[in-house]
Structures are given as structure tokens and as C-alpha cells.
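Protein chains: 2
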Amino acid sequence: MKAEIIAVGSELLLGQITNTNAQFISEKLAEIGIDVHFQTVVGDNPDRLDEVIGIAKKRADVLVFTGGLGPTKDDMTKETIVKHIGSTLVSDEEALFTIQQYFEKSGRVMTENNKKQALVFKDAIVLPNRNGMAPGMAVEKDGIQYVLLPGPPHEMQPMFTNFAIPYLLGVTGRKEVISSRVLKFYGIGEAELEYRIQPILEKQTNPTIAPLASAEGVTLRITAKAESLDEANKLIAPVEGEIRAIVGEYVFGVDDDTLSSKAAEMLFQNGWTIAAAESLTSGLFMAELGKEPGIGVSLEGGVVVYNEQAKVDQLEVDQGLLDEFGIVSSECAAALAVSVKRKFGSSIGVGLTGAAGPEPHDGTPVGTVWIGIVSDDAEMETYKLSLSGSRNANRRRAAFFAIYYLIKHMEKKEAKKMF
Amino acid sequence: MKAEIIAVGSELLLGQITNTNAQFISEKLAEIGIDVHFQTVVGDNPDRLDEVIGIAKKRADVLVFTGGLGPTKDDMTKETIVKHIGSTLVSDEEALFTIQQYFEKSGRVMTENNKKQALVFKDAIVLPNRNGMAPGMAVEKDGIQYVLLPGPPHEMQPMFTNFAIPYLLGVTGRKEVISSRVLKFYGIGEAELEYRIQPILEKQTNPTIAPLASAEGVTLRITAKAESLDEANKLIAPVEGEIRAIVGEYVFGVDDDTLSSKAAEMLFQNGWTIAAAESLTSGLFMAELGKEPGIGVSLEGGVVVYNEQAKVDQLEVDQGLLDEFGIVSSECAAALAVSVKRKFGSSIGVGLTGAAGPEPHDGTPVGTVWIGIVSDDAEMETYKLSLSGSRNANRRRAAFFAIYYLIKHMEKKEAKKMF
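Keeping their order, the protein sequence lines are chains W and X.
Counting with numbering that gives the first Met the number 0, you get residues 0 to 418 for the letters of the first sequence.
Counting with numbering that gives the first Met the number 0, you get residues 0 to 418 for the letters of the second sequence.
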């Protein structure tokens, strides 16, 4: 089966945004064995979109559209396709209800043009939008599959994964099942990871191993094909073991784990509480942990102490210590961790200090970061980072590294408890 | 003049990389008045590329290709186009010299296939590559312009800006220039914004007005074409005035402003300092402000007080007040703002409290947020939000709304200072 991805939106042709949707969809289609032969971008122009559909029909079996499902007059993807395939638009009750709810809740008045978003092809399967108003849809016409998705990535991505992929799997009728296991790494670069597991990578054909770098570390996706899920998983397990034997120290989780979800899970399971004192990250570490539902049980709170005076005034960090070792030091990170732990009465304390940039801090090079972690029954740990990104890349990576070290700290605590 | 951008590379169709080249080139072409009508991505496949060229020739005057100029057997962009237009390939001496130099410098041995990179169409203008080995080229055939560029962005971008743009300006012989003004909005949806300025949108052809929604609010891009930059800007000014007259209250900045950069600029300019007490956002508000270099001068710091006890213990919020009005209340937001301002001795205090979800908080519906802002010379302001997103969308929007209200608060303070 061959696919073409058609992104609709003049903002793409004006270069105002990047077509990340094409990348996301291409990757997901590859995973289920559908080859993408073309990606096309066309503006908010019915005639040109119609022309693009005509060309795509001749060279692909699956046309995946993104964008142009919204309420404005520029949004004309549905209207153009419905004419092309000779269907009609009807209002979808569930979608209309979702839209009405949205407006009721926000106390804003629903304008007439918003109702347009609930219109779907009368013969289509509706793909629910859990993160926005416009539903997606999927329909087959003359042997061609038409899949329509909204443009905003945070709406499109979950819709595609949760509803379009199962639909397309049904269409392809593949018997072969695919199972994936994802290992999540932090603190090691993609190139180094690949280098260290090169012997394993080279001999593999089934399962395959695909590394991928992201803002939150590197992932390895181990994918096996077999007649059943069980058999596929049996192919994966020994390969995972081989990889962990070499680079297991950098693994912080699997599959859908994120740094914050893994840390929260460990805090919850052990009944530990945490507080943090943040300088260069100014709240980013706590904000990341705060992503997790129910975190209030474990996150006692913390302080943002950006400048030197605040560290002394708010956390009683010793001025003499700051004068001797500087703000960006192992000693300061440790003092922040100890002080905030005491102040909030938590079982774990974390301190973050560093020079985010763009200017060095009192002679400390940009990218130098110290992280301190202390807890009731463990030695103080401090870690130094030497980051080389922009100010905000450095701040983000400092927060992520702190969560990664927190997870490793808790792994050690858990191991100790077992004896 | 109409252009089509054709990116060649199977890695794009596999979703391994994003097509940032199309965005970059589109933006630059718009600036010199060349409209991009289509962007196409095709794999490393000569037949399919040939087909794509055939289609593009019928609908565009300028075909800009990226990728497939390298030394490997997958690289076949030149070879396919040269057949299509009936030219021949010759070795370019300067390009060959560059390649030889590159290998000499790196101490590596030049393999035969690397010479292939120096081949150019015999009738083409060569576009030098200052950051890699493969040169680009530009040639006209039967009224169609063919511009070939390398794929790696760090090679393509300077080549396009420094050599392709001047070539295309020569071809178009245009005098017309384009100027853009971007207005940035928060607190109003794209549909409502468009609805309210509909009369202005309808009558406009030059300048044009394009709305765009993003995570950080909505933008309106006003773009005018004229003989000079001055004249273009004169067309933009009255339209901006008309828009501001209707929806100016939602404008927080222009052009490259972000919520955090605008807030930081106003804090810096007025010498004001700020502290925040964050509950549901757990540091997100301060982390956003922390993006701005030099923020330490204005951001005194703050506290994360996630649970009820922390609010009482750390900020001496009155337990009776919490019992009477609840944690998610105007009164609690105000108390947080007042207390953190006093604690950190800042001129402005901000308090954030709310129910982020997924579960309601003590009967308060998910998405309810209260923001309090207080400062030395102004009345306490509190704002209620009723958000309808996921937990983390709600937290992000609460932090963004708080910065938006902070900007509006400071605008009022500035106006007061002027009297």
C-alpha cells in the first residue's frame, strides 16, 4: 500500500511554520508497513487542492490530509474533498456537542462559523478530537482511502495514533503483527549509544533497532514482526537484555515512560516526598514534575532563588560559603538541597545552580551546572554538567538531568530497602 | 512568478527528518515576491522524481530542488534533471578544487565517487558551496528556472541567501518589495478574532492579513507589497490602527515579541521586580520568565506551594481563609500574591491557584484557575479562567494567561506614571 501526505495551509507555503505533521505521519505509516511515496503541500485554495487530489489518486492508495478543518473561511479541505468524491456533509452530533461544551465551559459565545467544524462526510468514520474542536474522518471511495486530520500537531498526533492507525490497520488487513519495545535513555548521545551497541545493531534484521534522538534523551525502538504478539515479544526480550548489559546505566524507563512520569511513579510507590530549590532553571524542574496527575502528594513544593541575595535570604545559604566557592559550585548545590529539604520537611531535597548563559557568571563558563540531591537515608550526591547549548536548551537539559539523577538516586534507595 | 519547492530524499518520506528546507526557502521567496504554490517531497527514485518535474513544470515557473547532490549512488537529482532538460554534465574546476582541498585538509583519501559532486550542467550558473562539497546550480530551460541546492540546511541556507536569491532577483527584475508587521494576541481565539475584524479582512487585498494560531496565542501577519519599504509600511500602519481599535486589548506585542520577552522588557525598562507563588503551575510561570537573559535583575524568585499545607506553612496564608473560600478562589490567589511579594520584597507579586485536572479539586471543576496580581501602587487584581484542555494544556495556558495579565497590569502602571 502506498500513501501520499497532503498538508493544506498557506502558512506552510509562506514559510511561517514547518511541516512537522508530514514527518510524524510518515514515521507512523512506516511502522505499520505503509510506504509514503510523496508528501505535498498546497495552500488554502480549493482549485489547487482539487488538482493535487487528482494527481495523488493516480499514484497512491491512501491520501492523508492535514489542516483546513477549522472554523474560518480559509478552511476548505472538507468542502473540496466532498465535491471531489461526490459525497455530502452532515453535522456530527457528538462533534457538535464537544464544540458547544467547549464554548459553554470557557464562557465565550459560540459564533456560527464554529458549527462548520462539526460537519463530516455522511459515509465517513469520524475520528474523535480529544484535544480540540474539529473532528477528523476516514472514508473509502473507489478504492482510495481518504483520511482527514486537523492541522495543529497536538490535536493531530493523538488522533492519528489512537484512531487513524487502527483504521488503517483494519484496511490493510495485515496478519503479521508488529510489537515494539522502547528503551528510554538519558545522559548519553545518540552517536555514542549507536557506537557502543554497534555489534548488536549490525546483526539484527528481526527485531530491528531504531535509535531516535529527542529533546528528552535518546530512545531505542526494538521492533519485531511475527505471527502473534507473544512470538514477537519473545524475539524482543533477549535483544533488550543484550543492550541493557552494555548501556543499561543510561536507561531510565521504557515505552511511554517520560522522565517526569518515571520519577513520579517511584515517588508514589515509595511514599517519598520532594522539595527543590532552583536557580538557573527558575521553576522548570518542579514544572516538569508537576505534569504528573496527583503529584501534590509527593511534591511538597520549593523555591526559586534566582539571584545570590535570595539564596541567602530565603534559604539561609551561608554567605561565607558563597563567597568561598561561588554560586555555581558543588557546595552551593548541596546547601540548596539540604536547606529546601529542611524548609519543606520532605524526604528528598534537590538543588540546582548554574550559568545558563548567554553571559558567563562571575567567570564560570556558560553551561556549567551543579545539581545536588540529598535524602533521609542516603549520602549527599552532587553532579556537574558542562552543557554547550543555548540559554534555554541549557536550562531545559539541566532540569531533565536533575530528574534523571533523581531517578537513579531513587533506584539506589529502592535497592537499599530490599536488604 | 510562481515557485514549487521539490525536496528529494527517502529519509524525509520515512519521517526520519523534518523538511525544514521547504520552510526556509518559502519564507525567503515570499520576501522577494515569488509565490510558492506547492511543496513536494519525493524519494531517491529517478522515475518518481522525473514524474514530479513533469507536473511541476506545468504549474510553476521556478523549480527549487533540495537534496540528492551528494556522492552516493542514492544521490541522483542532477542526473535526473539533466536528462529531463536535455543538457550534459561537465566537471566544474572550482568545485573540484574545493572538494580536493576538503580531503587534503581532513587527511582523508578522496574516493572516485566524490568527483561526481563537482559535475554541473554545462549551461548552468554555479552556486558556490561555502559549507560543504557539492555546489548548487541555476539554469533556465524553456522559460522554466531550475535551481538545485544541497540538502543539509547548514549548506543550503547560506547558498540560497547569498547566491540563489540574487540570481532570482535578476531573473524577476522586480522592483516590488514586501514588508510584514505581526500583531501578537493572547486571550482571544482565532475564530473570534477573525469574526470581529471580518469587515477589515474582507476589504483587504494589499496589505493582506493572515491569522495564525499557536500555543502562545494568535498572530495576525499584515503584509504589504509596494515599490519601497517606506511605501509598504505606509500601507500597513492604518490597517494596524483599525485592527487595534477593535481588538487592541488582546494585543500584547508585535513582530518577534513573545509573552516572556515582552514582560521582561517592561520589567527591565521600569526597574520593577517580581516574585510569584505558584500552585497548579508548579514553577511554569517563573520558568517562562526565566527564558529571558538577564532576568535575575527583575525576578526576585518565588515559591511553589502545591498542597494546602505548604500554602499555610511557607506563605502564612490564613487557614481560615482557605477553609472559607477554598484553595481555588480569588481570595487565595490574592493572598498568595500579597504574601510572596512581601516575602521576597519585590514590587510586583503574582499568585496562581487552580484545578489543573484530571480530577476536580474539592468540588472545583477542572480548568478553574485564579490569578492574583498586586503591586506597590496599584489595586489588587484577580482573574478567573475556565480552561477546557488536558491537565498540561491547562497548566501551560494558566502560566501564559498570568504573563498576559502581568503585561496588561504593567501597561496600566506605565500609563499612570506618565501623569
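Please note that a few of the clues may not be correct.
Each pair may be met inside one copy or between any two copies, as identical chains are not told apart.
Claimed, not checked - BS3-like, lysine-lysine: derived pairs with alpha carbons at most 30 Å apart: (1) 27 - 104; (2) 202 - 115; (3) 233 - 72; (4) 416 - 115.
No lab work stands behind these hints, which were simulated from the structure alone.
Cross-check of the supplied hints:
no.: 1; hint: 27 - 104; in the structure: neither (33 Å within a copy, 41 Å between copies)
no.: 2; hint: 202 - 115; in the structure: between (54 Å within a copy, 23 Å between copies)
no.: 3; hint: 233 - 72; in the structure: between (53 Å within a copy, 28 Å between copies)
no.: 4; hint: 416 - 115; in the structure: neither (59 Å within a copy, 47 Å between copies)
The structure is inconsistent with the numbered hints 1, 4, although it conforms to all the rest.
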